[in-house]
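**Q** The residues making up each chain are set out below.
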Amino acid sequence: MPEGLLQAEDVTVRFGGVVALDSVDLEVPSGQIVGLIGPNGAGKTTLFNVLSGVIEPNGGRVLLGGTDVTRWPTHRRGRAGIARTFQRLELFDRLTVYDNLLAAWEGVTPGAVLGRHKSEGRARVAEVIESLDLGALATRLAGTLPTGQARLVELARAIVTAPRVLLLDEPSSGLDDVETSWFAQVLGQVAGARDGEPAVLLVEHDMSLVMEVCAEITVLDFGQRIAHGPPEQIRNDPRVIEAYLGAEIEPEGSAIEPEGAIAP
Amino acid sequence: MSCSRLARVTAVALAVSLGGVALSACGARVAPYLGAGAGIGQGNLAAGTVRPVSSGSSGANGANGTSVSNAVVNPGQGAASSSAGSNSPGVSTAPTSGGNVRTTGSTPPPSALSLANFSYDPATQAAYCPNANGNTASAPGVTPSSIVFGNVSGLTGALTGTFGAGYEAVQAAFDGVNAAGGICGRKLELLVENDNQDASTNAADVANLIAHPVFAFAGSLSDADNGGVQEMQQANVPDIGFAINTNRSLSPDYWSAGGGSGLYVRNGIAYAPNTIMAAQKQFGQFPTRMAFLSYNISISASAAQMYATLYKESGASICYTDYSISVATASLQGDVIQMESNHCNGVYTTMDVVGNSKMLQAMQQQNWYPPFFASTFDTYTPAQITEAGQSAAQGFQTSLPALPLNSSNPLVRLYISELARYEPGKQPSEFGFQDFVNAEMLFYALVKSGHAPTRQSIVNVFDSIHNWTAWGAISPGTPSERPPNPPGTSPPWFGLTPSCYVEMKVQGNQFVRDWPAHGLYCGGAMLPVGPASNYGE
Amino acid sequence: MSSLWPFFVIGLFSGSVYALASMGIVLTYRTSGVFNFAYGAVAMFCAFTYWQFRDGWHLPEWISLLLVLLVVAPVVGFVSDRLYRPLVGVSTEVQIVVSLGILAFFEAGVPLAFGGRTRAIQSIFPISTFGVGSILRVSWAQLATFLLTAILALGLYVLLRHTRFGMASRAVIDNRDLAGLLGVNATAVGRTSWVISSVFAGLVGILLSPSQGLQVYVLVTVVIYAFAPAVLGRLVSLPLAYAGGMGLGVLQSVLQRWGASGTVADIEAAFPYLALFVLLVVYGKRLTEVRSGVKPVIGASVMSPLLMSRQKLLTSGGLVALGLFALPVLLRGPDLGDVTAGLIYAAIALTLVVLVGWAGQISLAQFSFVGIGAFMAGHFAGAHGSNFLWAALLAAAIAVPVGLLVGLPSLRLSGLYLALATMAFALLMDNLVFPRTDVSGGYTGMSVPRPRIFGISFASTTSFYELCVVLLVLFGVAALAVQRSAVGRRLKMMRDSPLAASTFGVNLTTTKLVVFALAGAAAAFAGAFDGAWHLTVSPSNYTFAQSLELLLLVVLGGRSLVAGALLAGFTYTTQLLPIPTEIEKFIPITIALGVVSVAAVPEGSVALTVKQFWAALDNFRRLPGSPMPAALALDARGANGAQLERGANGAQLQRGANGAQLQHGAQQHQGANSAGSDGRDGAAVYPAAALSGRGGESPLGGVAGGVAGSVAGDGSPVEELVATTRGGGGGGDA
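Chains as they are written, first to last, in this note's numbering: chain A, 2 to 265; chain B, -14 to 522; chain C, 2 to 735.
Incorrect hints may have been included.
[What the hints assert, rightly or not] Which chain C residues face chain B? A few, computed with CB under 8 Å, are given here:
no., residue
1, ILE11
2, LEU13
3, SER15
4, ALA121
5, GLY383
6, GLY386
7, LEU536
8, SER539
[To be verified] Listed below are the simulated SDA-like cross-link pairs for lysine to any residue, each with C-alpha atoms no more than 25 Å apart in a straight line:
no., chain 1, residue 1, chain 2, residue 2
9, B, LYS172, B, GLN215
10, B, LYS490, B, ILE303
11, B, LYS490, C, GLN123
12, C, LYS286, C, LEU509
13, B, LYS266, B, THR294
14, B, LYS297, B, SER131
15, A, LYS119, C, ALA479
16, A, LYS119, C, VAL488
17, B, LYS411, C, PHE115
18, C, LYS286, A, LYS119
19, C, LYS313, C, PHE326
20, C, LYS286, A, THR46
21, B, LYS490, B, THR371
22, A, LYS119, C, ARG496
23, A, LYS119, C, PHE115
24, C, LYS286, C, SER238
25, A, LYS119, C, GLY477
No wet-lab data here; the hints were simulated from the structure.
Quick reminder that beta carbons are idealized off the backbone N, C-alpha and C, glycines included.
For reference, chain A alone in the conformation it holds in the complex:
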């Protein structure tokens, strides 16, 4: 299989007797936005957690740019260039937007906690704020932002660390259509903007967003990979359709959101 910047090889995760992931492969090539979809309980979040280091798999490997990071703890992966957002917003609520970004940058930059590279940090934060147009929000407490703005800040926080891989966990959750399409726009600008980095892996329920931005889509069902390919291929893949139990995948607009509106 093609080499990805981020790669999951044969990943298996068991929780007690339940097999959450069964020998799953996944590649996120450099410069691309890859989508990860599947019905509820398919194992998307589990796979995400394996990639970001929250869970250690029972079998298989995770490779970042060829390096085996399977046993690396989360914080080490963060420093190595894997950044993520969260399904339930995990902003630093009582810090300002500015400090959210700065703190994240400092976290992954060696020596920054001791006060080194101060100007670099501030410059980088200013750069991201500018590019995502967050200037007016910079001094707001992150916890006071409405969801749309908060998601944006989360993205900005992930980007500020200049990650190699960006993992986005249901970023459109809680956004309405207008916001989602705007988000898609931003995402398009961000992905691969620096020399093919960051590569983006996107877990989503909003089909329209997925179809719109992803170059490739991987589909999971019951912990197994059942399909992989470009959007048009996936849209018409009978196994995928069946996995969603007859839910139709519309080309645009009102997507069926199996669980989108209820609190996660």
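With the hints as your guide, set chains B and C onto chain A.
**A** Chains B and C in isolation, oriented as in the chain A frame:
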């Protein structure tokens, strides 16, 4: 900012501070084990010797007895006399140099006055120095018309209701003498502060009162009384009262009619008198197999261990100990079962009323009563009987270093009557009586100090008191005796102040006298009870 | 004594006591989501009122029972419900503070109301006995308690597992909004839960007081012992809580058979705390806290996003320091001494603010470190204090490994469970370590000299005061420096979202351990000065209760640096002042007021008040833009219309509520200032516009903030707004 918000901020901060005060007493504070102070009596003696005291003798300093004395003092016959002077016969008070007043040049009151002829009657006491002519503001807290005293007591806290007795007694005594005109025309005032049984608060309260200023402290009573000792020492303010913590009783500013520290210390070893054991032997009640129970609080445990040592040194064997009873324990049945199987015939506890009640109830449940079961004198209160239940409490004993409160001794009756009159509703107790006696001692010193009392003048009077029994009511006391005084200083290392007790026993719904038949039993030897460091010395 | 079985049987009876208490705790947590530190106090209060009815006023026994269980206890339940409702799942520290406030209220109030004497209270069961085996005699009362406990355990189990109420209460705790949407009347369920657990507390009090004694503190202590069995059941399993309580009783009783003194006895006495600590650490992440569906509310009181400018800070800080240095001109003697104590306390409070406020680690053991410092100073400072500084530094060094030990639970626990673990640690120190004569001098204590530094003696009141001003200034400067630094940000990252922090490179383990160790070391250093202030210290100066009090003050200050520390210091000084006896009667009322205000304003009433004060002042600033009627501005923000329409997404609603509420406070003003000339207002309400264009803040935000500040300031802002969004189902009950 609106006023309501300001009020709220203040209420919060205030509530917090007060809540904090309440909280800080929350961790199961327990009754003090009147460890070194209680029930041990007085006495500093050369190791191993005992002093004999017999009726009428002047137990002067320096006499050495060498045998265990079985003397019984009968001071209870003191006839009340209202005029200046006569004291009851048979009271072994030592009129040493007490008759001379060592004041600093002010007009002396009747120089013939000594403790031997000093009256307890308030009217007479006022009459010794009937007018205010020549009164000066001779010391902090003293004005021509009044003297202000301070009192820091543990009125609230883990042991509610226990430590109010001190100020109540002193206040009643003050009221009595004020009603008769005061001393040298000065009314005596008492400022009371509550330390909530917390040492830091005690220190702060003491400091506040010193700054007030107060002339001296009278009747302070708290299990946190170690807190303010340094402040008093730094300011050299006399502290007249009954000490619970050892470091207060060892302070050079501490004066108590009950004597100085209950422990004698020599060469790093502490000694205590085994009067109770000697009495038990004399009256055929000595328990040969003793058990000891205490709370898992060091003040309680070390007091119990001291008694254990005393009994052992007196010839008993120790058949069971439990020094780690928790305040929150549901029942002492386990201990009782073990004491039963170990065939103990005596139990001594240093717990409080609640703990003793659990023990008594467990004994009742197991239907096991050893011939001797007793505790420290803070349990000499009706609450012990009602808390345990009358049927469970029958036979429970405690030793008092003074005549019981139902005695006909005139000073005891005076305490009861003045308390009833000036502090209605307050319960008489042993603590209260001890502080009442201290108040009388204070009155003597004030009368002797005349129109220009100073702290030094009353201290000089206290210094001169030897073997005073307060009209036969208490075990003889020499306030100035406290170790460890280097040899060659005054007072001398060893005095001959005897240690005397009366044993009370629950019968019916009250405590009645067990031994001796009258008065107090004095005797016993000074026995080593371990390193002085165990007792904070 | 050969046979063990009588102790086993006795252990069953004492175990029933623990089991009752621990089941009560679990019941409360399961149904109300609150860990009720005041449980024992409620039980105690009910026991006292029962005594008053039956033995004081001589009402018939049954009537007294019914009055207590059907009237008094439910009333307490109602009040608790009202107090706690806004706090469930929101803020552990504030919950702890409120329950402690209730505890303090009862502890102060009951002696005042009922008088000080201890009382005997007869059991409602006969105390006649029957023999079991050759030596043991069991009373009917014991047997009845044992059986009743077992029956209650079964009954409660059925109640929670197999009734609608049980289901409903679980649902309400798991996700209040969702439960509401599903037709569960969360308010009614919450109320019922509290009534039931209060009635149970009353039952516990009445059952246990005859044997424990009717005293103010005993039941509270029993309940603390019962924390361990409750945690055995992970706070949710009644059968395990029952089993744990029984087991604890049996174990203690049997241990007693082997050793009533010495090491075995020490371990036996400290066993409940040891068990608590071990259980918590072993269970670790399996312990889950009740969380509401919402993220914690961020009120206007929280630290201003814009820290004061450096200049402003230097000037105001300098002024304060100058004022403090000059204070001896006005104050002398003991008053100055009291303020000194407050300064030291403020320095200690700073260390807890860093730990709790910034790193988000609740610790109830901070005063144990202060004690280490004081005792070290007593041992090593030398006869005249000539080695004082070395002793203080040594104390800090020794505190580091101790801090690491305290920090270990934080690797696996957070929130309530971390608080409990640190509490267990503090109690272990109180019971096993500090009472040792070689550590602290035992109950008689040890003396601590005033410092002599570089040959200068600081023994006098004034000189020691000035030295403590220096101490506080040093601590303050260090804390402020950290606050603005990368280190401070790292701590706050960890506090706000440990999960996200770790993905951004923060090694949670190292960070937590380091912050515990350093906070402990700093507290120990200050502790040396505390010891020197007291001059004589004993274990009673550094107990768990003092750690609690410290947390209480820090939380009241909103966990903010300045407010928390200053409030702590001020309050500590105040409480040293003598309280005239007449005023003592009002202590419980003021505590009650304090508790109510804390519950109503969980963000920290003092800090909130201060912030609102400044916000109100800003009303009088000049406006940069064109005015819009304040009322309109308020509506646009306050009504949350747009947010509501987004749908039933629980989190979404709350976020909207947050946003709107926040607009009422100082933040809005700050935002307005910095956004400056941006005139477009109302845009923030429409997120789409914000995303696409400039999300301008109304310069009138300041006005709205000031005006609305007074609206939001009274009562509970969250409640009001949640009520409007909920459409009448739940929170804002009429």
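**Q** Next, verify each hint and record whether it holds.
**A** Here is how each hint holds up against the structure:
no. : hint                 : verdict
1   : ILE11                : holds, 5 Å
2   : LEU13                : violated, 11 Å
3   : SER15                : holds, 4 Å
4   : ALA121               : holds, 4 Å
5   : GLY383               : violated, 18 Å
6   : GLY386               : violated, 14 Å
7   : LEU536               : holds, 5 Å
8   : SER539               : holds, 6 Å
9   : B/LYS172 to B/GLN215 : violated, 29 Å
10  : B/LYS490 to B/ILE303 : holds, 23 Å
11  : B/LYS490 to C/GLN123 : holds, 23 Å
12  : C/LYS286 to C/LEU509 : holds, 14 Å
13  : B/LYS266 to B/THR294 : holds, 16 Å
14  : B/LYS297 to B/SER131 : violated, 52 Å
15  : A/LYS119 to C/ALA479 : holds, 19 Å
16  : A/LYS119 to C/VAL488 : holds, 12 Å
17  : B/LYS411 to C/PHE115 : holds, 15 Å
18  : C/LYS286 to A/LYS119 : violated, 36 Å
19  : C/LYS313 to C/PHE326 : holds, 20 Å
20  : C/LYS286 to A/THR46  : holds, 20 Å
21  : B/LYS490 to B/THR371 : holds, 14 Å
22  : A/LYS119 to C/ARG496 : holds, 22 Å
23  : A/LYS119 to C/PHE115 : violated, 64 Å
24  : C/LYS286 to C/SER238 : holds, 16 Å
25  : A/LYS119 to C/GLY477 : holds, 23 Å
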